[in-house]
Structures are given as C-alpha cells and as structure tokens.
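Asks: Turn these sequences into a full structure, and let the hints steer you where they fit.
All residue numbers for the sequence shown refer to my numbering, where the first residue is 382 and numbers rise by one.
Keep in mind that the hints were calculated from the coordinates and are not lab data.
There could be a bad hint or two in this list.
[Unchecked claim] No more than 25 Å apart at the CA atoms, straight line, and that leaves these computed lysine to any residue pairs for SDA-like: (1) Lys802 to Asp792; (2) Lys935 to Thr976; (3) Lys728 to Ser606.
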Amino acid sequence: SVPNATSASQFTHYYNPLYNTTINTINESQYTNINNQTNMNWLLGKGFRVTGRFQLTKQHDESDVFLPAQHTAFATVTDVTKMGRYTKGTGKFFSVDGTLQVDYTKKMGKHFLLNSTGGSMAQTKSEFLSVVVEGFPNDRLSQISFGNGYPPNSKPTFNSSMTRLVGLFTNFNYSYDNRYNVDLSIRTDGSSQYGANKRFGTFWSAGASWNLYKEKFLSDKKYISMARLRGSYGVTGDNKFPPYMSMTTYQYFTDQNYRGLIGAALIAFGNKDLQWQQTIKRNVGLDLGFLANRITLTAELYHESTTNLLLDINTPPSVGFGSYKENIGELENKGYEFRLNAFVIRKESKRIFWSVFVNGLHNKDRIKAIANSLKKLNDANNTGDQTRPKLRFEEGQSVNTIWAVRSLGIDPSNGREVFLKKDGTMTYNWDVADKVVVGNSVPDMRGSFGSNFTWKRFTLGLYFSYEFGGQSYNQTLIDRVETTNYVYNVDRRVLLGRWKAPGDETYFKGLVDENGRTVSTSTQATSRFVMKNNFVNAESVSLSYNFSEKLNKKLGLSNTRVSLGTNDYLRWSTIHAERGLEYPFARTFTFTFSTTF
Numbered sequence: 382s383v384p385n386a387t388s389a390s391q392f393t394h395y396y397n398p399l400y401n402t403t404i405n406t407i408n409e410s411q412y413t414n415i416n417n418q419t420n421m422n423w424l425l426g427k428g429f430r431v432t433g434r435f436q437l438t439k440q441h442d443e444s445d446v447f448l449p450a451q452h453t454a455f456a457t458v459t460d461v462t463k464m465g466r467y468t469k470g471t472g473k474f475f476s477v478d479g480t481l482q483v484d485y486t487k488k489m490g491k492h493f494l495l496n497s498t499g500g501s502m503a504q505t506k507s508e509f510l511s512v513v514v515e516g517f518p519n520d521r522l523s524q525i526s527f528g529n530g531y532p533p534n535s536k537p538t539f540n541s542s543m544t545r546l547v548g549l550f551t552n553f554n555y556s557y558d559n560r561y562n563v564d565l566s567i568r569t570d571g572s573s574q575y576g577a578n579k580r581f582g583t584f585w586s587a588g589a590s591w592n593l594y595k596e597k598f599l600s601d602k603k604y605i606s607m608a609r610l611r612g613s614y615g616v617t618g619d620n621k622f623p624p625y626m627s628m629t630t631y632q633y634f635t636d637q638n639y640r641g642l643i644g645a646a647l648i649a650f651g652n653k654d655l656q657w658q659q660t661i662k663r664n665v666g667l668d669l670g671f672l673a674n675r676i677t678l679t680a681e682l683y684h685e686s687t688t689n690l691l692l693d694i695n696t697p698p699s700v701g702f703g704s705y706k707e708n709i710g711e712l713e714n715k716g717y718e719f720r721l722n723a724f725v726i727r728k729e730s731k732r733i734f735w736s737v738f739v740n741g742l743h744n745k746d747r748i749k750a751i752a753n754s755l756k757k758l759n760d761a762n763n764t765g766d767q768t769r770p771k772l773r774f775e776e777g778q779s780v781n782t783i784w785a786v787r788s789l790g791i792d793p794s795n796g797r798e799v800f801l802k803k804d805g806t807m808t809y810n811w812d813v814a815d816k817v818v819v820g821n822s823v824p825d826m827r828g829s830f831g832s833n834f835t836w837k838r839f840t841l842g843l844y845f846s847y848e849f850g851g852q853s854y855n856q857t858l859i860d861r862v863e864t865t866n867y868v869y870n871v872d873r874r875v876l877l878g879r880w881k882a883p884g885d886e887t888y889f890k891g892l893v894d895e896n897g898r899t900v901s902t903s904t905q906a907t908s909r910f911v912m913k914n915n916f917v918n919a920e921s922v923s924l925s926y927n928f929s930e931k932l933n934k935k936l937g938l939s940n941t942r943v944s945l946g947t948n949d950y951l952r953w954s955t956i957h958a959e960r961g962l963e964y965p966f967a968r969t970f971t972f973t974f975s976t977t978f
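Replies: Structural data, given as structure tokens:
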C-alpha cells in the first residue's frame, strides 16, 4: 500500500492480481452459428433470366463470469453475503432475407440494353438475457444456483429487438457502341424502424459515362490506353438505427401495484411521421490509362448532402420523457479522391514485376442545420469539467472541430499560462466563454501508398498509410506531465520540463508560481496542446515464396507458399503519442505456411 495524494496518513491498497489465478474463477464465452444460403438461376431464353437468393442465419451465445468471495475484487467488502459474483448472459439471433429478380438483356447492333427488376425482404430478431447473482462463499460453489441473491436494487435484464424490411427495385443500363453508357435505378423500401405514416422511402440514381478512348480524336494516340469520363446523381437512404425509435415505449413497475394493477411510465414518445434519413450524392470522375495500362489514374470529385437527419428533440421534464426522435438537421460533405497505379517493371518472360501505388482522400464536412437537442448539448458542454475539449455543434462548422481557449504560452516571469480572450485581450484566467475553433481532427489528406515487387517465386510487399493537415489534442501529454499524480512514478519532464524560477522559458506550467503558491493542478481545454497530426505508418511488410511445381511434386504437395510479415513496424509522426497499456503501439510478426494435399 502507498499513501494517497491528499494525506500521508491515508493509504490506497493495491492487491496482487496474480493471486486470482490460484483460485477457481470462470470467464468463458461460446457461440453456435448456423448459416444456410440457397441460390437459384433459371435461364428462360430470349434474354430472360430469373435469379433468386435465400439466406438464413441462426446464432446462440452464452457467457459466464464467476468471481468467488476470495477474489481481490471483494477485498473491501465486509458483508459475507455479498462477496462473490456470477454473471451469466445468453443471447439469440435469427435472420432471414431473400431476393428474387428478373434480368433481361438485348443486343441490337451497337445498342445494348439490360434491365433487372425484383424485390427483397428481410427480418432480424435478437434477444439477450443477463443475470447477476452475488454471495458465493468459496470458489468450489461455482454454479449460479449457489448464489445468495440479486444485488440490491437490481434484477435480471432482458433486451429484444425485431426489424423487418421489404423493397422493390428496377435498374436500367443502356450502352451504345461501348462509348456511351447510361444507368438508371429506382428503389422503394419499407422498414419497421420508421413511423407508421412514413414506413416507405423511394430512392433513385442516374449515371452516365463517356468512353473517350473510342473517339477518333483519341483512338490514334498510342500512349493512351484508357480514357473514361463519368458522373452520377442519386438519393440513398439509411436504416442503421435502433428498431423501436418510432414507437411509444413504457416501463412497467412490477414490484409496485395499486389494488392489483401495476404501474407504467412513459419513457419514449413515438413519432408516426418519422421518415428515412436521405443523402443526395453527386460525383464526377475521370479514369485514365497510359502505355497499355502500365499507368492508371482515377480521380473523382464528390458532394454529399444528408437531409432529414434523425436527431433528438428535447422536452421539458414535466412531459415525463427527456426527448423524442425527429427528422431535423442537415450535413454536407464534399471533397475529392484519387488513385494512381504504375508498373515500373513488367517483364513477363523473366517473371519480374515491380508496381507502385498511391491514393488519397480529401474531405470537408459542414453542419448546415441542427436540432435544439444539439444546442442544448452545447450548453451542457460549456459547464462543469473542461479538462479536455468537449463536443460542440454549430451551423457552418465541422462536426470534427476542436474547441478550446487560445493560449499564448507560459509566462516566464511566474510560470502561469496566458490566455487570449475573444476580444483580443490577455488574461491568466481561463473562461469557457473564450472557447473558439483551434483545430480540426480530420486531416487535409489521408491515404496510402506502397509497392509490390516480384522476382521469379519471391514477392515483397510494402504498404504505408499517411495523414497530414489535421490536428489532435494531446491529452496524453497533459495526463503524463501536467496533471499526473505526483505520488507515483512520473515522466521525467515533470522535473526537467516545467517552469521553476522567473526567467524559465518552458512549454509546461510550473508546479508553483513566483510566490511559491501552488498552481492549479488541472489544465483546462487550451490550444497549447493542439498539435499537428502528420504521420506515415508502415502498416505491413511481407515477403513470400511460392514452391516450384517440381518441389511440390517431390513433397507430395501443391500450391505451397511460405510468407513472413509484420504490421505497424515503423511510424514517423509529428506527435510522439503514447497509448498506454490498454491499447499500446505493438509490432506483430507472423509466419504463414499454406499448402494443398
């Protein structure tokens, strides 16, 4: 045990977790999954074909966690009837979905027509039961029936959900001379997740492409092997939401009654007009190929607007429930992306290939409209603890914006942080009203690059990811250096990097000011710890060798391959971040041997 930070006369006890391995504990989970998929293909002739798919999935889950009274988790519990705990969970999942469609194709000279029309249906149902029982006097009584009872003010919990979805669709594709292509699709879906008056939503898209390579003004250019211009416009929907958000929900109090009648409380108010969240997508793209497609380039501009955002509408406490769902809010995303692939060496006769690639994505989001629930969240986030940036949603700003008070650094004369107020004046006092935009966690560019080299039977692969132009709030640096508990082992910068005496120019504030008074141990959200988050990460490096047919035959094998690989081997970053023990930066090394007998 060691003294805590408040008083030397008080102690915090730490127990050896290895002791728990000497007693009978249980931590097990298992599941059984059954999956069946049936496909049908019926050629009717004259360009007609019927296809169908039916899939059924059933799964059963079980989990058991048993901690006897002797476990260190109960070291401070004095009531023997409450020592020891068994947590048991069971779950069921069942889903069925199917699709039936009719395809028609027709080719007339340079004209080609394709149509697919059909319907689909799906249903999913899940259940989960959790039981917690306490009071297990020794580790031999490891069955849940030996428990003393449920913990105070608790009982078993049960969750159940069911969703149903039906849809009809038709898709048209027309092509002329493999130069001009037009696509049109229309789909109507109905989901049980939405209000009774707005179950169905209709979505459509249209696209066109122009194969420039087929035109005379490009067909004689030998260095160009592909050129296609394309664009699309469409509306899509989303149903990845809780199953009962549009239904009025009650909570029953079975432990209380009035003349034999149980009580109920309204905990969720349904909205019969709740409808599909919709996203309008627009994009223009260009595909190019050079030197027999040894070099290929794809570039794309896109713009997305999400309307009818499903958000919470807050209600007064007197109503009896805190909020209900409504279609309010609008979000915009726009940007561009590119992909470049090139064969530096491509000699098939000598079996030597060397290719490189790079891709990138730039995205910028903007809130166009928000509900009053987000405005209320903004107000709530402007009170209380501000030791790290809190979410704030404002129209015209990104959802990934970092809000904090601007910092002018540490005053060398006294070791205190100097802040910049909204009116441009300087102060030592941090004020939540002075929070402004100080960064954005979304980078200006993110993507990957790499290379693949093959020489005879050896293959070397290199894959890197990168980001630049974004910012990150270095909370780890605050926790390790500026607000850490000084009773324990600390970062050496606590001693060497903090302000100590007038004239010191440091990055970290002092433990005490020029008068020896203790400086606040908490660091409020400040731009001082907003840092550029540029990095290149070696995601994977692999080397493999394929056995020759002669060697395979000699060993009685076929398709034999051995490979060595590593992940996250190197990282170059503007932030030397730590993840701690729960999620550390870890290098993994693998050896793989695969063959066919």
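Asks: Out of the numbered hints, which ones does the structure contradict?
Replies: none
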